[in-house]
Amino acid sequence: MFNYFLRSLSATLSYLWSGWGAIASLLLFCAAWELAGLYYGSLILPGPVETLKQLGTLFDQGELLPELLISARRALYGLLLALAAGTFLGMLAGFSVTASILSRPLVTLFLGMPPIAWLVLAMLWFGLGDATPVFTVFIACLPIVFAGAMQGTRTLDNQLKAVADVYGLPPLMRLTDVYLPHLASYVFPAWITALGTSWKVVVMAELLSSSDGVGAALAVTRAQLDTSGTLAWVVAVLAALLATEYLLLEPIKRHVERWRQEENA
Amino acid sequence: MFNYFLRSLSATLSYLWSGWGAIASLLLFCAAWELAGLYYGSLILPGPVETLKQLGTLFDQGELLPELLISARRALYGLLLALAAGTFLGMLAGFSVTASILSRPLVTLFLGMPPIAWLVLAMLWFGLGDATPVFTVFIACLPIVFAGAMQGTRTLDNQLKAVADVYGLPPLMRLTDVYLPHLASYVFPAWITALGTSWKVVVMAELLSSSDGVGAALAVTRAQLDTSGTLAWVVAVLAALLATEYLLLEPIKRHVERWRQEENA
Amino acid sequence: MSMKQLKVDNLFHKYGIVEVLNNISLSVSSGQTLALVGPSGCGKSTLLHIIAGLLTHSEGHLEQPFEQLACMFQSPRLLPWKTALDNIALGLKARKISRLERQQRAIELAGQLGLTRDDLDKYPHELSGGMQSRVALARALLVSPELLLLDEPFSALDIGLKLELYQLLRRHVEEHGTTVIMITHDLMEAVRLADSILMMAPEPGRILAEFPMAQPHALRDDNWIYRTSVELMQQPLVRLGFQLDGVGINHEDMPQPVAHGGCAP
Amino acid sequence: MSMKQLKVDNLFHKYGIVEVLNNISLSVSSGQTLALVGPSGCGKSTLLHIIAGLLTHSEGHLEQPFEQLACMFQSPRLLPWKTALDNIALGLKARKISRLERQQRAIELAGQLGLTRDDLDKYPHELSGGMQSRVALARALLVSPELLLLDEPFSALDIGLKLELYQLLRRHVEEHGTTVIMITHDLMEAVRLADSILMMAPEPGRILAEFPMAQPHALRDDNWIYRTSVELMQQPLVRLGFQLDGVGINHEDMPQPVAHGGCAP
Amino acid sequence: QSGLPVKKLTLAGPAAGVSNALIHLVASNGLADIAEETEFVLWSNPDQLRALTLSGKADFLAAPTNVAANLYNRGVPLKLINVSQWGVLWMISRDADKKTLADFKGEEIAIPFRADMPDIVFTHLAEKQGIDPRRDFKLNYSATPMDAMQLLITRRVNHALLAEPAVSMALRKTKSFPVSIIAPELHRSVDLQQEWGRLMSTEARIPQAGITVLGETANNAQLVSAFEAAYARANQWCIDNAEACGKEVAAQIKLLMPEAVADALQHQNNHYATASAARSELEAFYQVLLKRQPASVGGKLPDEGFYFSASKTQQVTE
Ligand SMILES: Nc1ncnc2c1ncn2[C@@H]1O[C@H](COP(=O)(O)OP(=O)(O)OP(=O)(O)O)[C@@H](O)[C@H]1O
Ligand SMILES: Nc1ncnc2c1ncn2[C@@H]1O[C@H](COP(=O)(O)OP(=O)(O)OP(=O)(O)O)[C@@H](O)[C@H]1O
Ligand SMILES: [Mg+2]
Ligand SMILES: [Mg+2]
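Chains as they are written, first to last, in my numbering: chain A, 58 to 322; chain B, 58 to 322; chain C, 3 to 267; chain D, 3 to 267; chain E, 82 to 399.
The hints are simulated quantities; they were obtained by calculation from the structure and are not laboratory data. Careful, some of the hints might be misleading.
No farther apart than 20 angstroms at their CA atoms in a straight line, the calculated lysine to any residue pairs in the SDA-like style are these [unchecked claim]:
#1 C:Lys98 x A:Leu213
#2 B:Lys110 x E:Gly380
#3 C:Lys98 x A:Gln216
#4 D:Lys124 x A:Trp182
#5 D:Lys95 x B:His239
#6 C:Lys84 x A:Trp182
#7 C:Lys16 x D:His174
#8 B:Lys218 x D:Leu81
#9 B:Lys110 x E:Ala376
#10 A:Lys218 x D:Pro82
#11 B:Lys218 x C:Lys16
#12 A:Lys310 x B:Ile101
#13 C:Lys98 x A:Trp316
#14 C:Lys95 x A:Ser75
#15 E:Lys138 x A:Lys218
#16 E:Lys138 x B:Thr233
#17 C:Lys84 x A:Leu232
#18 C:Lys98 x A:Pro308
#19 C:Lys164 x D:Ser231
#20 D:Lys124 x C:Val232
#21 A:Lys310 x B:Val154
#22 C:Lys84 x A:Tyr236
#23 B:Lys310 x D:Lys6
#24 D:Lys164 x C:Val232
#25 C:Lys124 x D:Pro82
#26 D:Lys124 x C:Tyr17
#27 D:Lys98 x B:Thr233
#28 C:Lys124 x D:Glu128
#29 D:Lys6 x D:Glu148
#30 C:Lys124 x D:Leu57
#31 B:Lys218 x A:Trp316
#32 B:Lys218 x D:Asn25
#33 E:Lys381 x B:Val154
#34 D:Lys98 x B:Val154
#35 B:Lys218 x A:Lys218
#36 C:Lys124 x A:Asp222
#37 D:Lys164 x C:Ser231
Selected chain A positions facing chain C (in silico; Cβ < 8 angstroms) [unchecked claim]:
#38 Ala142
#39 Leu213
#40 Gln216
Because the structure is a prediction, the values reported are computed rather than measured. Note that beta-carbon positions come from the ideal geometry of N, C-alpha and C, so glycine has one too.
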């Protein structure tokens with residue numbers, strides 16, 4: 058028990074420490090941005106200070122949060138759908154050679170198909186509301202998650218599968234106690250990639266097909282050549298993304314992977 | 058030796074067999090497409106036959122190959138850069154906790170940043186030639202490869218690291234004989250995802266910022282509401298993508314992973 | 003308790019084209035302990051896996067009437083993401099026994115195997131080799147199987163522990179009427195624990211001889227065990243099987259493998 | 003050959019806050035063989051890893067003058083993506099010996115260990131347990147190290163092979179003047195091979211007693227070995243260490259662990 | 082004929098001058114005696130346009146005339162009612178002295194959309210005065226008017242071919258802080274309409290955009306006529322009240338700035354014609370497009386059924 062306590066304590070400390078590192082690295086990035094901003098002038102690249110001011114203005118005018126929430130909702134729905142379907146299909150393809158052979162080329166098609174190929178269909182099916190960006194995000198994230206889940210399932214050691222067989226693990230327990238912990242190390246990087254992709258794609262999709270959300274706001278600032286406004290929206294999106302990753306996904310990942318050996322063992 | 062021969066033979070056969078499966082699945086997809094095409098009519102969704110005819114026309118007019126080659130070159134350059142830099146940085150981040158803490162938020166930033174944020178800069182830096190799409194592809198693929206390589210490096214069994222230590226493996230051999238074979242199972246799905254992404258992104262980038270390549274051609278057919286032309290270009294891109302994946306990446310993958318246990322062992 | 007009997011008749015097994023088991027026939031009745039001995043690579047583990055239902059034999063007949071079986075593999079095969087305690091309790095969890103109860107039973111049994119409460123909170127990679135194999139043994143014993151398959155259960159343990167665990171195993175067998183098939187390299191161990199010893203020879207793996215141990219277990223003291231082992235070691239077939247008289251098998255003295263084509267009856 | 007001496011002085015080691023090695027002192031001169039015996043979990047493998055330079059001890063002094071060392075771990079730790087042959091040749095590859103030469107040498111040595119040419123083309127998961135441990139042993143022997151560390155090298159082998167490999171090891175040691183530290187659970191094995199036997203006790207791991215074996219190796223016949231082992235087993239400290247007289251250690255008879263604080267001299 | 086007013090009318094248009102009157106109609110409730118409810122929908126790319134025409138969600142659609150013909154020739158049931166935009170193409174230049182396209186010889190020019198209508202018109206007019214655009218200009222195609230503006234403002238190029246209201250947006254932007262530091266002055270240079278008139282020996286105007294009626298609604302001649310009349314009035318109102326119109330439009334289409342819309346209105350060619358009246362000019366225009374990029378008008382001249390005419394109540398050809 059005491060042991061366990063010490064263990065969690067040190068895990069938490071190392072997490073906080075890594076948080077500082079991340080912030081340091083972001084500040085470095087801001088410094089580079091500031092320099093580039095000074096060089097190019099504010100029409101082409103406004104510096105971080107100006108951008109943050111603009112962000113503050115957006116917030117004060119009450120524009121920021123509603124649009125961000127709309128986009129977040131869309132990104133989240135699309136992402137969740139992709140996580141569920143991608144993990145499920147990927148695992149299926151990992152289990153069964155036939156499923157893998159049949160599904161892989163389709164996933165490649167989805168992955169490589171430029172959105173314009175089906176944007177019209179999506180707009181016809183789903184209209185101009187939430188559904189089109191959600192669908193776009195779904196399509197963009199699905200193959201990423203799929204590939205991770207399939208490879209994870211495929212690479213589970215046959216020796217551990219034999220253990221599950223011999224001890225008669227029921228299917229659900231086989232999933233939760235054997236496959237998922239192993240999968241985690243494949244699926245988490247895929248999830249993090251999918252998370253980032255979802256935000257990027259939702260913005261691009263809104264830019265093309267929507268009248269609200271961050272993407273639509275970006276389209277306006279862009280049309281009006283309001284570069285600092287554009288960057289302010291981008292910064293808002295990135296902040297939301299970093300927050301999701303470091304406050305949500307990363308702790309889950311650390312918890313799930315706590316059994317891994319530390320460096321010097 | 059004889060054993061070895063038999064083994065390769067059966068591997069090749071199973072590969073060809075899986076090829077048939079893939080083709081069957083693609084044909085199924087075409088059937089679905091045909092049905093949807095019949096339903097929606099050719100302004101929204103021309104069927105596969107019409108699209109292929111259009112593709113034939115494009116080919117006969119000598120338009121297809123030059124544009125495809127231009128896009129392929131851009132996708133390839135961007136992808137290769139991303140593979141090299143992503144694998145290298147990802148492995149670095151996997152080796153060293155500090156490097157990982159510093160680099161991860163930056164990679165997240167790259168991953169989540171919508172292209173419009175830097176398209177202007179890219180156009181300033183690189184003009185309207187090859188460089189902008191190449192850079193776009195690079196930025197889009199880098200985080201995917203990075204995540205895979207980092208996780209792969211991180212998850213190498215400490216026991217095998219100890220073996221490498223004890224037998225004094227020089228750094229290069231440590232890389233080629235210990236890390237890369239383990240990494241492969243993480244890096245290959247990432248590479249396949251990156252390959253698909255590169256094609257998609259190069260098309261989108263050309264659509265936005267270029268006057269040649271498949272993307273530009275797509276932009277023209279799109280503006281002219283020539284849907285079957287649009288689809289013909291998309292099909293050309295997808296065919297190129299499938300060919301790269303199944304004729305190049307997949308055989309490499311099978312070769313590298315031939316040590317894995319088969320299903321029923 | 004009804005008398006069940008495990009029966010193997012004229013069983014053959016091939017990995018690919020290499021025959022590793024040739025015309026194996028044996029039978030074990032409930033409550034009996036059968037020891038498999040033989041040189042390294044003669045197919046003992048393969049036979050055990052076939053009996054456990056993990057491999058499908060190429061030819062021949064297998065009748066396995068026992069319902070609950072447990073298997074301890076040659077390597078510990080612990081789930082790396084579960085603590086020792088959870089690993090031990092795996093089989094009970096599969097049988098839907100409540101968390102509290104299965105942990106209590108696991109802790110009690112683990113104590114008998116010399117594992118302390120502290121050890122049980124460790125992850126497998128934090129355990130010593132002997133502890134890992136004891137955890138694997140406890141995992142198999144805890145489900146009180148009708149048929150217990152043990153692949154070199156004591157080879158990683160010191161003399162003191164071995165002696166204790168011999169007693170534990172005997173007690174378990176007598177209390178539950180467990181049928182045991184165990185593989186061992188230690189003739190004295192076989193003599194001490196088994197009701198019958200099966201001597202195997204390699205290339206292809208086949209049965210050379212069976213030595214029944216008529217002496218009641220209660221009467222087997224150290225002296226008898228040592229004497230019987232030494233006697234067994236004098237047996238020509240045993241010396242032949244273990245190649246104790248120099249390199250190369252004198253093929254004339256040795257039962258020859260069965261040539262077979264087509265399906266055995 | 004110059005006389006080098008490996009020296010361990012008042013060495014302590016902790017995993018986290020748990021002390022596993024307490025005040026260990028020992029020394030081995032070149033050409034000598036030291037056997038470590040002791041109950042499971044007493045820290046033998048940990049000590050070996052410290053000597054191999056894989057772990058950094060918490061306190062105390064270690065002088066390890068031998069340049070080339072090789073270590074055979076308790077589990078085989080073969081690289082799953084290399085054939086048995088390439089695994090054996092790993093150390094030579096690290097020393098930049100040509101492919102042809104290292105394969106020839108590997109095949110020759112493997113033959114002496116009873117591995118056929120066919121076995122050498124297999125991947126680790128296709129080898130039997132005993133074969134895997136022989137491959138690991140061959141990997142260690144092939145580099146002809148000055149210092150050879152063996153962690154239960156023969157525990158997975160049958161009597162016939164053991165006897166052959168005892169001879170092989172002795173021949174190797176005498177030809178190359180190798181210094182050996184080996185861990186074993188088999189007192190007879192220690193008596194047969196070692197120049198000195200170190201008895202360890204657990205919780206925390208410390209040295210109970212050292213038994214030098216004065217008898218020249220040439221004169222050690224089966225009879226002497228059996229007799230000496232039985233004598234050793236009568237030693238009170240050995241009986242105590244292995245807890246042969248029942249459960250629980252009688253602490254008064256036993257050397258107590260050293261209380262320590264601050265740095266040892 | 083079903084009685085007016087109908088329940089609901091949906092008007093769709095791009096972010097361009099042709100939509101001004103539509104937005105005014107919705108904002109001022111100018112269709113009250115035709116429909117109980119009216120709504121304006123923005124389309125901003127070809128995908129949305131295709132989706133709109135096929136989903137049957139729009140009744141009246143504002144579009145460039147070549148796009149209308151293209152849709153018609155590809156089987157979309159629509160009819161052109163009028164042509165309201167007659168001059169939106171301008172060269173924007175850093176150099177105030179350039180008067181004709183020939184003056185741009187050897188210069189780099191940014192053009193949005195390759196092979197789209199402005200590009201075709203530009204190429205056509207250039208060739209008419211003996212210039213080979215591929216050799217004599219350095220053409221820099223960008224994907225959107227915004228990109229062309231960016232290139233212009235960041236001084237990557239000195240000249241751009243733009244359509245209203247992008248022209249006015251660019252000029253507005255460059256006069257206001259902070260853009261003017263980098264781009265002190267841009268000029269409305271060659272008016273492509275004038276060039277068209279000069280070189281084709283016709284009126285100095287190009288029939289560029291108008292309103293179409295979609296699907297079933299086209300059969301209701303009474304409704305369409307009433308709508309056409311209302312649109313013509315609204316169009317005139319916009320010309321007369323440029324600033325008020327600019328505010329209305331910018332409120333609907335956030336992409337546009339009110340001042341820019343007003344500027345654009347002041348510089349446009351105030352011609353207005355019904356489809357039948359404009360037919361000959363339209364066909365001359367389509368011939369030019371057909372010769373260079375047949376796909377941009379759907380491969381052929383649109384037939385009789387394309388032009389709405391109040392006198393005949395025709396069935397829509399499927
Ligand atoms: N998955 C496999 N594929 C191919 N050959 C295999 C496979 N598993 C085992 N073999 C081969 O089958 C033979 C018997 O292996 P097995 O593991 O049954 O031996 P064993 O009697 O258990 O030996 P040990 O005492 O060393 O554990 C060996 O020659 C081995 O190389
Ligand atoms: N990585 C680790 N983290 C924490 N504790 C560990 C770790 N490795 C080993 N231990 C603990 O250290 C103690 C000694 O382990 P070690 O492997 O040295 O034992 P051993 O003498 O080799 O035993 P065996 O004969 O069973 O192999 C054990 O209690 C074990 O649980
Ligand atoms: Mg075995
Ligand atoms: Mg050990």
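Okay, the hints, checked on the actual structure:
Of the pairs offered as hints, the one joining Lys98 of chain C and Leu213 of chain A is violated, with about 24 angstroms between alpha carbons and a cut-off of 20 angstroms exceeded. With a CA separation close to 17 angstroms, the supplied pair Lys110 of chain B and Gly380 of chain E stays within the 20 angstroms bound. The straight-line distance between the Cα atoms of Lys98 of chain C and Gln216 of chain A is roughly 23 angstroms, outside the 20 angstroms bound, and the hint therefore fails. For the given pair, Lys124 of chain D sits about 55 angstroms from Trp182 of chain A by alpha-carbon distance, which is inconsistent with the 20 angstroms threshold.
Under the criterion of a C-alpha separation no larger than 20 angstroms, the hint pairing Lys95 of chain D with His239 of chain B is consistent with the structure, at around 19 angstroms. Of the pairs offered as hints, the one joining Lys84 of chain C and Trp182 of chain A is violated, with about 47 angstroms between alpha carbons and a cut-off of 20 angstroms exceeded. The suggested pairing of Lys16 of chain C with His174 of chain D is violated, with an alpha-carbon distance near 37 angstroms, which exceeds 20 angstroms. The hinted pair formed by Lys218 of chain B and Leu81 of chain D meets the criterion: a straight-line CA distance of about 10 angstroms does not exceed 20 angstroms.
This hinted pair checks out: Lys110 of chain B and Ala376 of chain E have alpha carbons roughly 16 angstroms apart, not beyond 20 angstroms. A C-alpha spacing of about 17 angstroms is found between Lys218 of chain A and Pro82 of chain D, which places the hinted pair at or below 20 angstroms, so the restraint holds. Distance restraint check for Lys218 of chain B and Lys16 of chain C: the Cα-Cα separation of roughly 35 angstroms exceeds the 20 angstroms cut-off, and the hinted pair is therefore not satisfied. About 44 angstroms separates the Cα atoms of Lys310 of chain A and Ile101 of chain B, which puts this hinted pair outside 20 angstroms; it is violated.
The suggested pairing of Lys98 of chain C with Trp316 of chain A is violated, with an alpha-carbon distance near 24 angstroms, which exceeds 20 angstroms. At most 20 angstroms may separate the alpha-carbon atoms for a hinted pair to count; Lys95 of chain C and Ser75 of chain A exceed this at roughly 37 angstroms. With a C-alpha separation of about 56 angstroms, the suggested pairing of Lys138 of chain E with Lys218 of chain A is violated against the 20 angstroms cut-off. Between Lys138 of chain E and Thr233 of chain B the alpha-carbon distance is near 61 angstroms, which puts this suggested pair outside the 20 angstroms criterion.
With a C-alpha separation of about 14 angstroms, the suggested pairing of Lys84 of chain C with Leu232 of chain A holds against the 20 angstroms cut-off. Between Lys98 of chain C and Pro308 of chain A the alpha-carbon distance is near 30 angstroms, which puts this suggested pair outside the 20 angstroms criterion. The straight-line distance between the Cα atoms of Lys164 of chain C and Ser231 of chain D is roughly 17 angstroms, inside the 20 angstroms bound, and the hint therefore holds. At roughly 36 angstroms between alpha-carbon atoms, Lys124 of chain D and Val232 of chain C are farther apart than 20 angstroms, so this suggested pair is violated.
As the CA atoms of Lys310 of chain A and Val154 of chain B are separated by approximately 16 angstroms, the hinted pair is consistent with the 20 angstroms bound. Among the hinted pairs, Lys84 of chain C with Tyr236 of chain A is consistent with the structure: their alpha-carbon atoms are about 13 angstroms apart, no more than 20 angstroms. At most 20 angstroms may separate the alpha-carbon atoms for a hinted pair to count; Lys310 of chain B and Lys6 of chain D exceed this at roughly 49 angstroms. The hinted pair formed by Lys164 of chain D and Val232 of chain C meets the criterion: a straight-line CA distance of about 17 angstroms does not exceed 20 angstroms.
At most 20 angstroms may separate the alpha-carbon atoms for a hinted pair to count; Lys124 of chain C and Pro82 of chain D exceed this at roughly 26 angstroms. In summary, the hint linking Lys124 of chain D to Tyr17 of chain C is supported, as the alpha carbons are separated by about 12 angstroms, within the 20 angstroms threshold. Restraint check: the Cα-Cα separation between Lys98 of chain D and Thr233 of chain B comes to about 14 angstroms, which is no more than 20 angstroms; the hinted pair holds. The suggested pairing of Lys124 of chain C with Glu128 of chain D is violated, with an alpha-carbon distance near 30 angstroms, which exceeds 20 angstroms.
Pair hint Lys6 of chain D plus Glu148 of chain D holds up; C-alpha atoms about 10 angstroms apart against a cutoff of 20 angstroms. Using a Cα cut-off of 20 angstroms, the hinted pair Lys124 of chain C and Leu57 of chain D holds, with the two alpha carbons roughly 19 angstroms apart. A hinted pair counts as satisfied when its Cα atoms are at most 20 angstroms apart, and Lys218 of chain B with Trp316 of chain A qualifies at roughly 18 angstroms. Using a Cα cut-off of 20 angstroms, the hinted pair Lys218 of chain B and Asn25 of chain D is violated, with the two alpha carbons roughly 28 angstroms apart.
For the proposed pair Lys381 of chain E and Val154 of chain B, the alpha carbon gap of about 66 angstroms is over 20 angstroms, so the pair is violated. Taking the CA atoms of Lys98 of chain D and Val154 of chain B, the gap is about 31 angstroms. The hint is violated against a cut of 20 angstroms. Proximity of Lys218 of chain B to Lys218 of chain A is assessed by CA-CA distance (about 25 angstroms); at most 20 angstroms being required, the pair is judged violated. Between Lys124 of chain C and Asp222 of chain A the CA atoms are separated by roughly 24 angstroms; this puts the pair beyond 20 angstroms, and the hint is violated.
A C-alpha spacing of about 17 angstroms is found between Lys164 of chain D and Ser231 of chain C, which places the hinted pair at or below 20 angstroms, so the restraint holds. Checking Ala142 of chain A against chain C by beta carbon gives a least distance of about 25 angstroms; that is not within 8 angstroms, so the hint is violated. Proximity of Leu213 of chain A to chain C is violated relative to the hint, the smallest CB-CB distance being about 11 angstroms (cut-off 8 angstroms). Hint status for Gln216 of chain A relative to chain C: holds, with the closest Cβ pair at about 5 angstroms, below 8 angstroms.
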